[in-house]
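Got chain A; can you put chain B on it based on the hints?
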Amino acid sequence: MSHLNDGILRRMQDEPATTTAVDAQHFESCGECRHRFDAISAEAAGVSNLLAVPEHRVEPGVALLRMRRLVADGPASAPGAGSWFSRLRERRGFRPVAAGLVTLGLMGALVATGVAEGAIQSFQPKQFVAVSVNPESLNSLPDLSQFGSYKLTQQPRFSSAATPDAAVAGTGLGHVLVPSGPLPATVTGVPQYASFTQLQGSFTISADKARQYVESKGKSLPAMPAGVDGTTISVTAGPGVLTIYGAPSLGGAASGDTARKPITERLAIPSLAIVQMTSPKVVTDGASVQVLESYIASLPGVPADLAAQIQAIGDPTTTLPVPVPTGQGSHKVDVMGHGDGLFVGDSTGLGAGVIWQKDGVLYAVVGTLNEAEVVSVARSLH
Amino acid sequence: MQAESATLSVMPASQVQAQAGDLPAERRESRLPEPFEQLFLAEYTRVVAIANRVLANRQEAEEVAQEVFLDFHRSHPADADYAAPWLHRAAWHRALNVLRGNRRRMTREESVAVAESDSTADPEGLVQQADQQRRVREAMRRLPRRSAAVLALRYSGLSYAEVAGALGVSVGQVGTLLRRAELKLRSEVQK
Chain A
7 MSHLNDGILR
17 RMQDEPATTT
27 AVDAQHFESC
37 GECRHRFDAI
47 SAEAAGVSNL
57 LAVPEHRVEP
67 GVALLRMRRL
77 VADGPASAPG
87 AGSWFSRLRE
97 RRGFRPVAAG
107 LVTLGLMGAL
117 VATGVAEGAI
127 QSFQPKQFVA
137 VSVNPESLNS
147 LPDLSQFGSY
157 KLTQQPRFSS
167 AATPDAAVAG
177 TGLGHVLVPS
187 GPLPATVTGV
197 PQYASFTQLQ
207 GSFTISADKA
217 RQYVESKGKS
227 LPAMPAGVDG
237 TTISVTAGPG
247 VLTIYGAPSL
257 GGAASGDTAR
267 KPITERLAIP
277 SLAIVQMTSP
287 KVVTDGASVQ
297 VLESYIASLP
307 GVPADLAAQI
317 QAIGDPTTTL
327 PVPVPTGQGS
337 HKVDVMGHGD
347 GLFVGDSTGL
357 GAGVIWQKDG
367 VLYAVVGTLN
377 EAEVVSVARS
387 LH
Chain B
1220 MQAESATLSV
1230 MPASQVQAQA
1240 GDLPAERRES
1250 RLPEPFEQLF
1260 LAEYTRVVAI
1270 ANRVLANRQE
1280 AEEVAQEVFL
1290 DFHRSHPADA
1300 DYAAPWLHRA
1310 AWHRALNVLR
1320 GNRRRMTREE
1330 SVAVAESDST
1340 ADPEGLVQQA
1350 DQQRRVREAM
1360 RRLPRRSAAV
1370 LALRYSGLSY
1380 AEVAGALGVS
1390 VGQVGTLLRR
1400 AELKLRSEVQ
1410 K
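One line per chain: the protein sequences are A and B, in this order. Residues 7 to 388 in my numbering are what the first sequence lists, from first letter to last. Residues 1220 to 1410 in my numbering are what the second sequence lists, from first letter to last.
Hints were generated in silico from the structure; no laboratory data involved. A few of these clues could be false.
Quick look at which bits of chain B chain A covers, simulated, 3 or more residues with Cβ under 8 Å [what the hints assert, rightly or not]:
1. 1308-1316
2. 1373-1386
3. 1390-1397
Beta carbons are placed, not taken as given, at the ideal position from N, Cα and C, and that holds for glycine.
If we strip away everything but chain A, and leave its shape as in the complex, we get (with noise of 0.2 Å):
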C-alpha cells in the first residue's frame, strides 16, 4: 500500500475517530507515515499558536434582542423575497431601457440568423462583437416587441444554492468556474448562488400589430415585404448558475453608518455577477433573413450607423453583437485559458464586463469595476 497522503495524516491529528482501519493499519506499521504524522502535528501546532485570538465572551440572547431591533428598524422586505434584481426591475427607467435592449437583441438575433438561406435557420453565438449604441436612441428606437407576440412556453426558474456544486447540480454544466485569488477590494459582500431553468421562447411577427403600434407612435410602417408576416423567432437559453457578489444591501442596517457603503451596496446593486449558462440558440422560420434584416433597418427611428454596424458583421452565424453605450470602450481581451473575450467597459470602475463563449457555454463577467479587475476576475476563474 502507498503511504498516507498528507491531507489524511492531518485529519488524523484532528479526527483520529474518522481514520478508516486501513489507514490505520498503514500508519501502526509505516515508520515513514508516523514521522510525517509528526511533523505535520507540530507544524499544525505551530499555526494554531499563531491564529490564537483574544478569548471574549459572545452571548446570542443579548445578540438576538439586537437582531430583531435591526430587523425592525431596517427598510421592509419580507424573509427569502425581494431579490436585487427584483428591485432593480422596479427602478424608474428600466422599462424603457429594458424595451430598448429587447429590441437590440431581437435584432442582432435577426442579422445572425440572416446568411442562412434554408426555411428553418438557427445560430449559437461562438463570439461577440461590440456595436455602439446611443443611450440616447434607446427610447427613439422602435419597440420591435410590440410588432408581433411573445410566447413563453419554458420560463426559467430561479433557486438559490449554497454552494457552487449545489447550484451546477442538474444544470449539464458540469462544474462552475468560481474566482480564485483575491477579489478587487470593492467586491463587498458574500457569494450568493442561484440556478436558473432554461427559458423558451418564441416571437411570431404580425403585420397588423406591427402597424398599430407604430401608428400609435403618429408614423406609418413601411410596407412589410412577403413572408415576413407570420415569422417566428425560437429562441432557447439556459439553463445556467448565477454567482453574486454584494446584493442585496443589508449592511447599512447593521452598522447604522449607510455613507460610509459602497455606492452599489447602497442601491442594491450587485458589485461583481458572474453567469455560467449554456449558450442561447436562435431558430427562424418564414422569410428569409436578410429580408427581415433589411426591413427592420427601414424603420422609422432605427439610426443609419446602427444599422450599417449590424450589418458589417463578419461572420454573422456565430457572432452576436452586443450593444455597447457610446462612449464605453471595448475591445477583444485574451482570458487566458478560456479563449478570446470581449471586454465592453471603461476605467472608471463605473461599470465593466467580459463576455466570452466555450465549448458551448456562454460565460460572462460584469460588475462595477474597472478593465483591469474585471480582467482579472475573468482570468481567475477556474
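Relative to the frame of chain A, chain B by itself:
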C-alpha cells in the same frame, strides 16, 4: 489544534423573552420567526468565532455576524437545509473582505485586543504579541481566499464535515486543503 476560544453562552429563548420583557415598551421589538431565532441562537457563537479568527477583533466580528444573519434572514428561509453552511461561508467571506479593506486599523486595535486578553503581561510581551497579530492578519490577507477560509473555519472549531459543507468540497479534500493552507500561512508570516 486549539479549541475554539470564544466562550459559549447561549441564552435560552425563554431568557431572551424575559430580557425583552424588561425593556421599555419602545425597545421591545417583535420576535422574529421561531425557526430563525432558533437558528440564530444555535449558530451565532460559531459565526462570530469564524469572523473573529479572521479579524482578531471582537467588535468587528460581532458586526460581521449581525450582517451575515441579517443577509440570511432577508434572502433565505430559516429552515433551509443549507442554512448553517451558508452562514459559515458568509462569515469568513465577509470577514475577509473587512480585513482586506481595513489595512489602516492594524496595530492600534490589535494592540488593544492583545492588552485586553492579558492585562498582567509585561509591556514588551504585549508589543510582541501585537506584532505577531499584525503579521498574521497581513498574511491572511495575502493568502488565496480558499486557504484563508479553510484556516478560519477549521481553527474556529468547525469539524471537517462542516468545513466541507461551507466550502462546497468533499470531506476528503479538507485535510489536504488545510495542510496546504497551513504551509502557506507559515510561509507568508515568515516573509
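These are the hints, each one checked on the structure:
1. 1308-1316: holds (count 5)
2. 1373-1386: holds (count 6)
3. 1390-1397: Holds: 7 residues of the region 1390-1397 of chain B have a Cβ under 8 Å from chain A.
Violation of the numbered hints given earlier is absent; every hint is satisfied by the structure.
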